[in-house]
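Here is what each chain is made of, one letter per residue.
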Amino acid sequence: MTATKPTFLAGLAASLPIVLGYFPIAFSFGVAATRAGFTATEAFALSLLIYAGASQFLALALLSSAAPVLVTAFTLIAMNLRHVLYGPALMREAGEGASTRHAWAWAFGLTDEVFGQALGALARGQRFSEAWMSGLGIGAYAAWVGGTVVGALAGGGALDGWPALSAGLGFMLPALFLALLLSILSRRQLPVIAVAGLVTVAATLAISATSGILMGMLAGALAGLVRR
Amino acid sequence: MNWELLTVALMAGAANWAFRALPVILRSDRMAASGWLERFLSATGPAAIATLFVAAILPTLSPEMRAFAPVAVGTLAVLAAYAAGRSVVLATLAGALAHGLTVWAIGAAIP
Chain F
24 MTATKPTFLA GLAASLPIVL GYFPIAFSFG VAATRAGFTA TEAFALSLLI YAGASQFLAL
84 ALLSSAAPVL VTAFTLIAMN LRHVLYGPAL MREAGEGAST RHAWAWAFGL TDEVFGQALG
144 ALARGQRFSE AWMSGLGIGA YAAWVGGTVV GALAGGGALD GWPALSAGLG FMLPALFLAL
204 LLSILSRRQL PVIAVAGLVT VAATLAISAT SGILMGMLAG ALAGLVRR
Chain W
1372 MNWELLTVAL MAGAANWAFR ALPVILRSDR MAASGWLERF LSATGPAAIA TLFVAAILPT
1432 LSPEMRAFAP VAVGTLAVLA AYAAGRSVVL ATLAGALAHG LTVWAIGAAI P
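Chains F and W, in that order, give the protein sequences.
Heads up: the first sequence runs through residues 24 to 251, numbered per our numbering.
Heads up: the second sequence runs through residues 1372 to 1482, numbered per our numbering.
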């Protein structure tokens, strides 16, 4: 156990692997946004305000398919409901004396990867500090928003001459979800994952991709209720 | 600026802030979480990620080898990189790199 509290700069340094991962994903989001007909300012606003990768890509699909505003908003909200569990898990590890005075600011940055990195550091014996959490969060947030802007300014046609790079960036999202799925895979969650996956395939083929996402998540979460 | 987009972004962003920050501010880990709500919430994450993976991979599946090979190679690269390093970020980058390289190799071999 280290005696001193980790600093803001140490947190910023710890964000480096996330920065390397976020920048290209955010870049491909910026490119996808301009391809879908949105401006660079609109892509920037989505990344700045929502700051949740997967749901931003879904936002592009829903907004450009003229889905009703409330349906779109609630779909995105439902998609990010899982983040409710990150705070309690992190603070349980941080301990009773952990300060949360500035949590209103740094806790907005608790994305899947930031949460994973923070929890990992605490599990390895590092002390909790709000300064370190802020450094970690700001590094990741800056990479996300910056990558989006660069991608949006590069524009939808930026990658036309680079089919392999364009394909690789396009595969970033399935790859991210597969890696996240592997990171949470456990025997206990297997029924939930199987039900969600099967219902998504069935509803996508029978109705539409958007219905597939909604019904898959709902069916998986409900399968969790049945579990003993 | 499209007002519909701004409304959606503000609503989703406010919800994200509430989901991420409120449990920390309220120290909800001190409340004994149990019962059906806890089971529902704890299943939501895996269900969401499984759904998103399936939804992202479905449109890329094709019986044509030229389209399928990069997806297969990329998927295997994610599995291998995750098994080797247990890092989500590195596994994601490895998958995207393998996918892009396969597209490039196929393009070079069969112009």
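Be aware that a few hints might be false.
[What the hints assert, rightly or not] Stretches of chain F that chain W covers, calculated by requiring three or more beta carbons in the stretch to come under 8 Å of a beta carbon on chain W:
(1) 60 to 66
(2) 90 to 98
(3) 102 to 113
(4) 166 to 173
(5) 201 to 212
These are computed hints drawn from the structure, not numbers from a lab.
Predicted model, so just to flag it, every value in this text is computed and none were measured.
Even glycine gets a Cβ: it sits at the ideal position worked out from N, Cα and C.
Numbers of unmet hints, in rising order
4
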